[in-house]
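Participant: The primary structure of each chain is shown beneath.
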Amino acid sequence: MLLQVENLEVKYGNIQALHGISFHVNEGEIVTLIGANGAGKTTCMHTIPRLPPPEAPRVIAGDIKFKGESILETKPSDVVKQLHLALSPEGRRIFGNLTVMENLKLATYARAKDADLNAEYERIFELFPRLKERRKQRSESLSGGEQQMLAVGRALMTGCKILLLDEPSMGLAPVLKYELFRKLKQLNEEGMTILLVEQNANLALHLAHRGYVLDTGNIVAEGTSEELLGNPDVKKAYLGG
Amino acid sequence: MLRRYSVHLALALTGGTIIYCAYQEYLSLYIMSILMFMGVNIILSTSLNLVNGYMGEFSCGHAGFMCVGAYVSSMLGVWLFAKDKVFGAAVLDPEYALYAFPLIILTGGVAAALAGVLVAVPSYKTRGDYLAIITIAANFIIISTIENIGAIGGSRGFMGMKRLVNSMEDVVELPWMPIWVFVFTIFSIWVIRRYVSSTFGKGVSAISQDEVAAEIMSVNTNKMKTITFMLSSGLAGIAGGLFAYILGYVNPGSFNIMKSTEVLVMVYLGGMGSLSGSVLSAILFTLLLESFRFIIPVINDFAHQFHLISPDYDISQVWRWVLIPLLLIILMQFRPEGIMGNRELGDIFPRLKRFYRFK
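As they're listed, the protein sequences go chains A and B. When we follow this note's numbering, the leftmost residue of the first sequence carries the number 19, and every step to the right adds one. When we follow this note's numbering, the leftmost residue of the second sequence carries the number 27, and every step to the right adds one.
It should be emphasised that the hints constitute simulated quantities derived from the structure, not laboratory data. Ideal placement from N, C-alpha and C gives every residue a C-beta, glycine not left out. Careful, some of the hints might be misleading.
[To be verified] Once the Cα atoms are required to be at most 20 Å apart in a straight line, the calculated EDC-like pairs of lysine to aspartate or glutamate come out as:
#: 1; chain 1: B; residue 1: 249; chain 2: A; residue 2: 91
#: 2; chain 1: A; residue 1: 99; chain 2: B; residue 2: 288
#: 3; chain 1: B; residue 1: 151; chain 2: B; residue 2: 237
[As the list claims (entries may be wrong)] Sample of chain B residues with no beta-carbon within 12 Å of chain A, all distances over it, derived:
#: 4; residue: 159
#: 5; residue: 323
#: 6; residue: 344
#: 7; residue: 377
Construct the complete structure from the given sequences, taking the supplied hints into account.
Facilitator: Below is the structure:
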């Protein structure tokens, strides 16, 4: 098991957001967390990479383990560097005042100085050709879909082995959404482990190997994608029929 | 080839001309001092731009760090190379003052950089308005500390730096102050340019945009803030040291919140996050400030001529401090992005890029 969350309970101020959830991600898998608004999906995503306050929720019980070792004490800037775990946050949060290329360059912050980055930039541009066309543009001038691709590209440039994606399809036109998910599939086939949080349960389950269903801070169902897609409760609540 | 060295050439020519004019005394002392204050203001506005423009924090206590630099380098210089009633006889032969001078100014800068930690540490957890209040507090702390140390003159000020300048000129007959102001101005612009255009320095822009996103891109924001605040206040300290040696006299009153506001006006006038804007606005602002010396008497005469004000009242230079804040209000109303916005000279006139390269 690469990433393991055990009985995690977290609070924002006085409000408990997660009531002891456990899940795990194996190497080379795509795992998805699905659930309604306010179920605690984004909270999970903010807790794992140890985001600094005020975004960070407070862990009051449980543990997050990476290859069997607790990462609760790891500094946020070390999560990327040492654990090769990168988050593409909800709402993209790219650096609008920098160009596309500078955004990607910034992501290499923690990389070894001698790493051959040119090949990796090329790989990102191969994955998302639109970014190559626009690499000298300020990234705030990109369209929503392009910004999302930049956010994913930026997370990849950190040299991550595990990619955490928080609502990557938010605000994307259906065509772009399917394109992005095809790219994610391609990435996974090349060996990337992905933890995906998604509102669009149908799409997410069709991409993922396994899934967990979150509801108000508890895990209410889990299983392989086929199991969840066939589960009548899940079908009723999240898949529209 | 020429494109590569055109900036160096232009700088050498400008510097050479100014220094030659000063040497031959073509320029009056008044003009020379305005030129030197221009250099000091350029250092101040570019270094504050690093924090307020590039990093997106709001620091308004820049003069406090300038004060630290001014006092430390003045005291060090006077202690080492001049006879003084506080420090006694000179420790070293005044002949060496010539070589030690840049080191003395840099020491002032280092001291100011250390004072910058005063602001950097609170900035880990606060930003925006709250950090602004902290920076004002830092300014007050520094000023009142110095005001209350009687040994170095308290609020009366500290002097004796002219002796050091004179002994430099005794060794080699050159206008040393203009030379050093020019050198340090170019040095600080170069440092800031290198810093913000490096991949490391892009972290500063990332902080201004989104601190959390910067953190998950593995930018250590606390470290980044510390370095940036220290660099900015260190350069302000260098500016302060030069300021002290140009005037030959410092007192805490000249580094109060008014001075900080002046620097803020320069940054906003030039444009946030534009280095060339800051340089340009520092030059314009210095000229504007000096021009009030001539404009205000003219307005005064005009008002008396047409009996607009009582004959007992004269419009004095104090009115500068009405006109400059007014300028800030007008600026915010009609061109909030400043002269250059966040663009550089090369972005506004792309053709210029063919003639120079400045990294």
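Participant: Give a verdict on every hint.
Facilitator: Hints, one by one, checked against the model:
At roughly 18 Å between alpha-carbon atoms, residue 249/B and residue 91/A fall within 20 Å of each other, so this suggested pair holds. Only pairs whose Cα atoms come within 20 Å are accepted, and residue 99/A paired with residue 288/B is rejected, the gap being roughly 42 Å. Of the supplied pair hints, the one linking residue 151/B and residue 237/B holds, its CA atoms being roughly 11 Å apart against a limit of 20 Å. Every CB of chain A lies more than 12 Å from the CB of residue 159/B, the least distance being 19 Å, so the non-interface label holds.
With 12 Å as the threshold on Cβ separation, the claim that residue 323/B sits away from chain A holds: the shortest Cβ distance comes to roughly 45 Å. At roughly 40 Å from the closest C-beta of chain A, the C-beta of residue 344/B stays outside 12 Å, upholding its exclusion from the interface. Remark: the non-interface label on residue 377/B is consistent with the geometry, its nearest Cβ contact in chain A lying 18 Å away (cut-off 12 Å).
When the structure is compared with the earlier hints, a violation turns up for hint 2 alone.
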